[in-house]
Amino acid sequence: MAFENLSAKLQEVFKQLRGKGVLTEDDVKAAMREVKIALLEADVNFKIVKDFIKTVTDRAVGVEVLQGLNPGQQVIKIVNEELISLMGSTQSRLTYSNRPPTVYMMVGLQGAGKTTSSGKLAGQLRKQGRNPLLVACDIYRPAAIKQLQVVGKNYGIPVFEMGTEVSPVEISKKALEYAAEQHHDVVLIDTAGRLHINEELMQELLDIKATVRPQEVLLVVDAMTGQDAVTVAGSFDSQLGVDGIIMTKLDGDARGGAALSVRSVTNKPIKYIGMGEKMEDLEPFYPDRMASRILGMGDVLSLIDKV
Amino acid sequence: DKTRKNIMGGVDAVLGGFTQIDEDLFEELEEALIMADMGVQTTMSIVENLRKRVKREHATDPSLIKGMLADEITTILSDGVQEEESLPNPSVILVIGVNGVGKTTTIGKLASRYKSEGRTVLLAAADTFRAAAIDQLEVWGQRSGIEVIKQEENSDPAAVVFDAVHAAKNQKSDLLICDTAGRLHNKKNLMEELRKIGKVIEREHPNAHKEVYLVLDATTGQNALQQAKLFQEVADITGIILTKLDGTAKGGIVVAIKSELQIPVRYIGVGESINDLQKFDAREFAKALFGE
Ligand SMILES: Nc1nc2c(ncn2[C@@H]2O[C@H](COP(=O)(O)OP(=O)(O)OP(=O)(O)O)[C@@H](O)[C@H]2O)c(=O)[nH]1
Ligand SMILES: Nc1nc2c(ncn2[C@@H]2O[C@H](COP(=O)(O)OP(=O)(O)OP(=O)(O)O)[C@@H](O)[C@H]2O)c(=O)[nH]1
Ligand SMILES: [Mg+2]
Ligand SMILES: [Mg+2]
Numbered sequence: 056m057a058f059e060n061l062s063a064k065l066q067e068v069f070k071q072l073r074g075k076g077v078l079t080e081d082d083v084k085a086a087m088r089e090v091k092i093a094l095l096e097a098d099v100n101f102k103i104v105k106d107f108i109k110t111v112t113d114r115a116v117g118v119e120v121l122q123g124l125n126p127g128q129q130v131i132k133i134v135n136e137e138l139i140s141l142m143g144s145t146q147s148r149l150t151y152s153n154r155p156p157t158v159y160m161m162v163g164l165q166g167a168g169k170t171t172s173s174g175k176l177a178g179q180l181r182k183q184g185r186n187p188l189l190v191a192c193d194i195y196r197p198a199a200i201k202q203l204q205v206v207g208k209n210y211g212i213p214v215f216e217m218g219t220e221v222s223p224v225e226i227s228k229k230a231l232e233y234a235a236e237q238h239h240d241v242v243l244i245d246t247a248g249r250l251h252i253n254e255e256l257m258q259e260l261l262d263i264k265a266t267v268r269p270q271e272v273l274l275v276v277d278a279m280t281g282q283d284a285v286t287v288a289g290s291f292d293s294q295l296g297v298d299g300i301i302m303t304k305l306d307g308d309a310r311g312g313a314a315l316s317v318r319s320v321t322n323k324p325i326k327y328i329g330m331g332e333k334m335e336d337l338e339p340f341y342p343d344r345m346a347s348r349i350l351g352m353g354d355v356l357s358l359i360d361k362v
Numbered sequence: 038d039k040t041r042k043n044i045m046g047g048v049d050a051v052l053g054g055f056t057q058i059d060e061d062l063f064e065e066l067e068e069a070l071i072m073a074d075m076g077v078q079t080t081m082s083i084v085e086n087l088r089k090r091v092k093r094e095h096a097t098d099p100s101l102i103k104g105m106l107a108d109e110i111t112t113i114l115s116d117g118v119q120e121e122e123s124l125p126n127p128s129v130i131l132v133i134g135v136n137g138v139g140k141t142t143t144i145g146k147l148a149s150r151y152k153s154e155g156r157t158v159l160l161a162a163a164d165t166f167r168a169a170a171i172d173q174l175e176v177w178g179q180r181s182g183i184e185v186i187k188q189e190e191n192s193d194p195a196a197v198v199f200d201a202v203h204a205a206k207n208q209k210s211d212l213l214i215c216d217t218a219g220r221l222h223n224k225k226n227l228m229e230e231l232r233k234i235g236k237v238i239e240r241e242h243p244n245a246h247k248e249v250y251l252v253l254d255a256t257t258g259q260n261a262l263q264q265a266k267l268f269q270e271v272a273d274i275t276g277i278i279l280t281k282l283d284g285t286a287k288g289g290i291v292v293a294i295k296s297e298l299q300i301p302v303r304y305i306g307v308g309e310s311i312n313d314l315q316k317f318d319a320r321e322f323a324k325a326l327f328g329e
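These protein sequence lines are chains F and W, in that order. Going left to right, the first sequence walks through residues 56 to 362 as the working numbering numbers them. Going left to right, the second sequence walks through residues 38 to 329 as the working numbering numbers them.
Hints may be right or wrong, so weigh each one.
Looking from chain F toward chain W, a few residues come up when the C-beta cut is under 10 Å (computed) [stated by the list, open to error]:
hint, residue
1, I108
2, K109
3, R148
4, L149
5, G168
6, Q202
7, L203
8, Q204
9, V205
10, N209
11, T280
12, G312
Result set (SDA-like, lysine to any residue): computed pairs, CA atoms no more than 20 Å apart in a straight line [what the hints assert, rightly or not]:
hint, chain 1, residue 1, chain 2, residue 2
13, F, K109, F, E89
14, W, K224, F, E335
15, W, K103, W, S149
16, W, K225, F, G331
17, F, K201, W, D172
18, F, K201, W, S82
19, W, K152, W, D313
20, W, K92, W, E122
21, F, K84, W, M81
22, F, K70, F, K105
23, F, K105, W, F63
24, W, K225, F, D81
25, F, K91, W, E85
26, F, K109, F, P155
27, F, K201, W, R240
28, F, K64, F, V116
29, F, K333, W, K152
30, F, K208, W, R150
31, F, K208, W, D172
32, F, K105, W, Q78
33, F, K91, W, K225
34, F, K64, W, K247
35, W, K266, W, G276
36, W, K247, W, V237
37, F, K201, W, A218
38, W, K247, W, D172
39, F, K91, F, L149
40, W, K225, F, K208
Just so you know, the hints here were simulated from the structure itself, not pulled from any lab data. Note that beta-carbon positions come from the ideal geometry of N, C-alpha and C, so glycine has one too.
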């Protein structure tokens, strides 16, 4: 893959540089071309790449070439640090309401992984000793309710549904009453997939949100998303207000540049990643791991870290 | 129409401000192509060709650029592609792709389309893995009055396809469309399962015409190229169906896929309803990318 050799390419760029004291603007410029291509091939949004390159350039110009590191490695080190810092540096956890039930609302584009993630999350919360309720608010997709019921049954989580003839707002309202009666301390609302440009359906989310006052609105984003990730995430966030992000399908081989795009456009933390279709496959998000993944160079980075 | 309206934008705004064709303009074009998920390599080569043409034709008017870009992209997309003939009877269509791209929905739309051509159609529920995948396909089947051949959840998908092929032969169905579970292309065992399904179809229905459609989500970025490469290793992909073009994503990666792997796009998905499937038109797609 074009990317595995970012490190090699940077070596090439800096070939003549060995022994020189500091990185000049010209040295860095040539290196940044390679970094830029690498990030674009990882699907980081073009505009974010532009800003990012500026930041890294500012940091790299004038840097003294350290003993034991070649200039290429040094640039990668800076790139890596900046990537991590852009992605939030520390792990961010789910928050709970101090007046139960804690309500989470799952939202996102069609097919992103909302229903699957709702199930996984409910299953994991159950394992931690909570008593979650799944709520079927997707009345549009064929067999969406059945899908949630099957997932719920597999993990032993009750599913609240009212069929497809009642509005999702009404369903969510009744679900909260039911949760109170049944002493559920967590309520997970699975909503239908929708486009961020569909005004009617975005309004529906706003109405559900006003009804259930969720602790967190979780935006589910497919890790394979390309340049449009900023439009989608930015749009969901500005219209609805997003509190956290779940990035799915990272068990594939996508570089996941969308993580960076989504994070920088919303400034909301990525809370979980989906690493498969089973319950255990929902994992915490580590910004540093994501950075090496985007750069496609885990090994190189751990080497540099040791220096 | 629906697709055009949402695909438009972007380049139009870019080109507005230019009074001459210069390096700045080419740079803006590069940006727009990359933002459409065309990928760095494909973008570079398209813009390079454009530069050459501008030079060759001594073009100076920036308003000509859009047309030239559309030409360039149309050429890539239609180069060597046979206008798809109407499918012969009998045909077996296998629909494959990663998770959540729109396989089952597309099958629902295709089935309805073929039925309205007056053909008899059968569906095979060979996604036995995902929760309620069979129910979902059955709803689509009911919508156009088409029978779904199925087994229990978690049964062997190749066995479902085997049954379905025999049902299709017995009933003398014109077309059989097989749904499969979404799978990521880097999962070896799941990809082998797909190869096996292909073999069953070949063995049990040797005389039928075969189509294998790879479904790609227009929202997907550069990874779609990798998807196409790895799915191609286990299945003879005959065409791509590009879904979710009713959003704001442009689906430009199909240009890269066509130029690298020679796989043509056959249909586009432009919504969740039964009629939201259109024949792919390279010129329309290229023009729509740039708001022509
Ligand atoms: N490999 C993999 N597949 C996933 C992951 N998360 C979800 N999926 C799969 O992606 C597909 C879509 O998931 P759903 O949960 O149905 O997505 P959704 O967002 O609810 O879809 P809609 O309700 O149609 O909008 C299914 O095949 C899931 O099994 C993941 O982390 N890894
Ligand atoms: N907006 C839009 N949504 C679509 C389109 N095609 C499919 N969808 C939606 O995308 C989601 C996933 O579609 P499915 O047909 O279940 O996808 P799949 O590939 O069969 O998914 P798995 O079987 O889980 O891998 C559903 O919510 C569909 O309604 C399209 O062209 N436009
Ligand atoms: Mg769902
Ligand atoms: Mg399906």
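Hints and how they fare:
| no. | hint | in the structure |
| --- | --- | --- |
| 1 | I108 | violated, 13 Å |
| 2 | K109 | violated, 15 Å |
| 3 | R148 | violated, 26 Å |
| 4 | L149 | violated, 23 Å |
| 5 | G168 | holds, 7 Å |
| 6 | Q202 | holds, 4 Å |
| 7 | L203 | holds, 8 Å |
| 8 | Q204 | holds, 8 Å |
| 9 | V205 | holds, 4 Å |
| 10 | N209 | holds, 7 Å |
| 11 | T280 | holds, 5 Å |
| 12 | G312 | holds, 7 Å |
| 13 | F:K109 / F:E89 | holds, 14 Å |
| 14 | W:K224 / F:E335 | holds, 18 Å |
| 15 | W:K103 / W:S149 | violated, 36 Å |
| 16 | W:K225 / F:G331 | holds, 14 Å |
| 17 | F:K201 / W:D172 | holds, 8 Å |
| 18 | F:K201 / W:S82 | violated, 48 Å |
| 19 | W:K152 / W:D313 | holds, 15 Å |
| 20 | W:K92 / W:E122 | violated, 39 Å |
| 21 | F:K84 / W:M81 | holds, 19 Å |
| 22 | F:K70 / F:K105 | violated, 25 Å |
| 23 | F:K105 / W:F63 | holds, 17 Å |
| 24 | W:K225 / F:D81 | violated, 45 Å |
| 25 | F:K91 / W:E85 | holds, 19 Å |
| 26 | F:K109 / F:P155 | violated, 46 Å |
| 27 | F:K201 / W:R240 | violated, 35 Å |
| 28 | F:K64 / F:V116 | holds, 18 Å |
| 29 | F:K333 / W:K152 | violated, 37 Å |
| 30 | F:K208 / W:R150 | violated, 36 Å |
| 31 | F:K208 / W:D172 | holds, 16 Å |
| 32 | F:K105 / W:Q78 | holds, 18 Å |
| 33 | F:K91 / W:K225 | violated, 32 Å |
| 34 | F:K64 / W:K247 | violated, 44 Å |
| 35 | W:K266 / W:G276 | holds, 13 Å |
| 36 | W:K247 / W:V237 | holds, 12 Å |
| 37 | F:K201 / W:A218 | holds, 17 Å |
| 38 | W:K247 / W:D172 | violated, 26 Å |
| 39 | F:K91 / F:L149 | violated, 33 Å |
| 40 | W:K225 / F:K208 | violated, 29 Å |
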